[in-house]
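If you're matching them up, the sequences are chains A and B in order. Quick note on numbering: the numbering used here labels position 35 of the first sequence as 61, and the sequence is numbered without any gaps. Quick note on numbering: the numbering used here labels position 87 of the second sequence as 99, and the sequence is numbered without any gaps.
The hints are simulated quantities; they were obtained by calculation from the structure and are not laboratory data. Each hint should be verified, as a subset may be incorrect.
To be verified - Partial pick of chain A residues on the chain B-facing surface, computed with a CB cut under 7 Å:
{"id": "1", "residue": "SER56"}
{"id": "2", "residue": "PRO60"}
{"id": "3", "residue": "VAL75"}
{"id": "4", "residue": "ASP78"}
{"id": "5", "residue": "GLN80"}
{"id": "6", "residue": "SER150"}
{"id": "7", "residue": "PHE154"}
{"id": "8", "residue": "ASP158"}
{"id": "9", "residue": "HIS283"}
Claimed, not checked - From the derived model, a few chain A residues whose C-beta atoms are all more than 12 Å from chain B:
{"id": "10", "residue": "ASP48"}
{"id": "11", "residue": "ASP137"}
{"id": "12", "residue": "PHE180"}
{"id": "13", "residue": "ASP223"}
{"id": "14", "residue": "ASP264"}
All residues carry an ideal CB built from backbone N, CA and C; glycine is no exception.
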Amino acid sequence: MIKLPVLVMALLALAGCGTREDSLVITGSSTIAPLMTELAERYEETTGVQVDVQSGGSGRGISDTRQGLADFGMVSRALKAEEGDLTAHLIGRDGIAMIVNALNPVTRLNDAQIVAIYTGEQQSWSAFGGNDAAINVVHKADGRSTQELFLEHFGLSNDRVKPDMVIGENQQGIKAVAGDVNAIGYVSIGTAIYEADAGAPLRLLPLSGVPATLEQVDQGHYPLSRELNLVSQGELSDAASEFLAFITDPGQAGIYHDYYFLPVSR
Amino acid sequence: MRWPDRLAGVIGALLLLAVLVPMGLMLWSLLEQGAGVISVDFLLDDPRQAGRAGGIAALLVSTGWILAVCLLVAAPMGLGCALYLSEQVPAGTRRAQWLGGTLDMLAAVPSIVYGLFGYQFFAISLGLGFSILSGGLALALMVLPLMIRSAEQALRAVPFSYRQAGEALSISRWGWVRRILIPQAAPGIAVGIILSIGRALAETAVLLFTAGYVLRRPDSLLDSGRALSVHIYDLAMNVPGGMPRAAATGLVLVAILVILNLLVRRWLHPAQGAWQ
Numbered sequence: 027m028i029k030l031p032v033l034v035m036a037l038l039a040l041a042g043c044g045t046r047e048d049s050l051v052i053t054g055s056s057t058i059a060p061l062m063t064e065l066a067e068r069y070e071e072t073t074g075v076q077v078d079v080q081s082g083g084s085g086r087g088i089s090d091t092r093q094g095l096a097d098f099g100m101v102s103r104a105l106k107a108e109e110g111d112l113t114a115h116l117i118g119r120d121g122i123a124m125i126v127n128a129l130n131p132v133t134r135l136n137d138a139q140i141v142a143i144y145t146g147e148q149q150s151w152s153a154f155g156g157n158d159a160a161i162n163v164v165h166k167a168d169g170r171s172t173q174e175l176f177l178e179h180f181g182l183s184n185d186r187v188k189p190d191m192v193i194g195e196n197q198q199g200i201k202a203v204a205g206d207v208n209a210i211g212y213v214s215i216g217t218a219i220y221e222a223d224a225g226a227p228l229r230l231l232p233l234s235g236v237p238a239t240l241e242q243v244d245q246g247h248y249p250l251s252r253e254l255n256l257v258s259q260g261e262l263s264d265a266a267s268e269f270l271a272f273i274t275d276p277g278q279a280g281i282y283h284d285y286y287f288l289p290v291s292r
Numbered sequence: 013m014r015w016p017d018r019l020a021g022v023i024g025a026l027l028l029l030a031v032l033v034p035m036g037l038m039l040w041s042l043l044e045q046g047a048g049v050i051s052v053d054f055l056l057d058d059p060r061q062a063g064r065a066g067g068i069a070a071l072l073v074s075t076g077w078i079l080a081v082c083l084l085v086a087a088p089m090g091l092g093c094a095l096y097l098s099e100q101v102p103a104g105t106r107r108a109q110w111l112g113g114t115l116d117m118l119a120a121v122p123s124i125v126y127g128l129f130g131y132q133f134f135a136i137s138l139g140l141g142f143s144i145l146s147g148g149l150a151l152a153l154m155v156l157p158l159m160i161r162s163a164e165q166a167l168r169a170v171p172f173s174y175r176q177a178g179e180a181l182s183i184s185r186w187g188w189v190r191r192i193l194i195p196q197a198a199p200g201i202a203v204g205i206i207l208s209i210g211r212a213l214a215e216t217a218v219l220l221f222t223a224g225y226v227l228r229r230p231d232s233l234l235d236s237g238r239a240l241s242v243h244i245y246d247l248a249m250n251v252p253g254g255m256p257r258a259a260a261t262g263l264v265l266v267a268i269l270v271i272l273n274l275l276v277r278r279w280l281h282p283a284q285g286a287w288q
């Protein structure tokens with residue numbers, strides 16, 4: 027019984043010995059964390075520098091960076107005006123494309139029309155100049171970041187949405203719309219662009235008149251997208267800037283695509 | 013049997029079924045999605061590509077260490093507090109009610125509060141950072157009220173006549189506690205420990221903020237290490253295509269809980285005389 031407190035004290039004393047010199051700590055957005063974990067894994071294999079990635083939300087990324095607990099914070103949005111003390115390094119973008127089947131004659135819908143479809147106010151394609159057929163509304167399951175982004179953009183709450191089909195993964199959404207002339211859905215924009223390019227019978231609808239293309243997203247014009255940032259405070263250390271260069275190298279684009287993100291083009 | 017009794021029996025059986033069926037369905041859905049992934053390699057390989065490939069060996073190591081720290085702190089402290097309460101604070105007094113009520117309130121505090129406290133106190137104030145130690149200590153805080161209350165109840169349930177018999181034989185206080193009280197209460201204490209292990213293994217919120225998210229195999233107690241529950245959450249919610257591996261990890265977690273349950277029950281059962 028006496029040994030235990032001694033052990034705990036010894037462990038606490040050990041804690042005083044600082045962390046390794048050649049290591050980086052990155053904390054923040056749970057959307058970016060898995061991607062960053064994988065990039066960090068590659069970086070460690072290549073350079074031997076230890077990179078610890080911690081999740082917990084964009085807000086935590088910002089506060090940890092401010093307190094000096096993290097070398098980088100992961101923030102899945104643009105920095106706000108009051109966060110001007112931090113520097114944002116754009117690493118990629120995440121966005122949503124509204125998709126319909128390529129055989130559907132409807133080529134554009136405005137935001138109000140999309141809201142009307144998703145709330146069940148309009149149930150037939152004929153209202154938008156399409157076929158006289160019922161609209162099959164494909165919606166994402168709770169907790170998916172794509173769903174949050176979609177609801178936020180259209181000012182909807184989830185209980186107002188009247189879906190015909192609820193899906194989880196992006197691939198499911200692609201299949202649902204590619205296989206049904208009367209379906210409408212939304213998936214991560216990276217997925218939609220790759221699948222359409224690969225020949226899936228999909229049409230990406232423009233949003234607020236902006237076509238859903240790689241270029242528009244890249245230039246930040248496409249409305250339904252968000253920035254994926256690493257934020258830092260003050261001068262970047264050598265280790266930090268080397269890591270940043272590594273993860274934004276075009277050679278790493280494949281990993282971004284695996285997470286349906288668009289890497290920033292250099 | 014009279015018909016109201018029979019009816020009550022049927023209703024009871026139906027209610028039991030209503031509880032068991034969803035549990036069966038839950039296990040079935042885990043099996044359906046995850047069984048294809050489980051293999052010996054899944055248990056022995058470290059995760060790669062943020063968990064999209066490889067296995068869960070590093071996570072088993074991290075989870076084991078976190079649980080070990082938690083129990084090493086919580087079990088002796090819990091038993092100590094319970095002994096104080098049962099031996100020194102007579103039941104029914106204001107002090108007993110006040111202390112018991114406080115413990116019950118602490119047990120009802122949402123785990124995320126322990127997580128945030130653990131993050132602020134162990135990780136930042138004590139400088140332990142995101143580490144197995146921070147995680148284990150925060151978990152220990154979380155399970156202590158439960159552990160104390162269940163051990164206290166078990167100790168108080170030991171018949172008063174045993175104490176009288178002990179005193180008649182003029183056994184020392186320590187001898188009474190060590191040789192009679194604790195062995196007699198062992199099954200109840202064991203249940204408390206099992207419940208605590210269950211809560212600790214299922215905990216995500218506390219660990220995400222303390223033990224952290226790192227997938228590497230920990231070298232020391234001061235390294236960050238991801239627990240199985242955090243891994244399941246992350247794979248299911250944030251990693252594209254992560255669901256089968258999340259389900260497989262869930263199956264492993266369920267299996268661990270069942271095995272621990274059986275082991276602790278067997279070890280501490282007085283019929284086996286393990287505490288003598």
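Now for the hints, and whether the structure bears them out:
no. : hint   : in the structure
1   : SER56  : 5 Å, holds
2   : PRO60  : 4 Å, holds
3   : VAL75  : 13 Å, violated
4   : ASP78  : 5 Å, holds
5   : GLN80  : 5 Å, holds
6   : SER150 : 33 Å, violated
7   : PHE154 : 31 Å, violated
8   : ASP158 : 37 Å, violated
9   : HIS283 : 10 Å, violated
10  : ASP48  : 15 Å, holds
11  : ASP137 : 27 Å, holds
12  : PHE180 : 22 Å, holds
13  : ASP223 : 18 Å, holds
14  : ASP264 : 22 Å, holds
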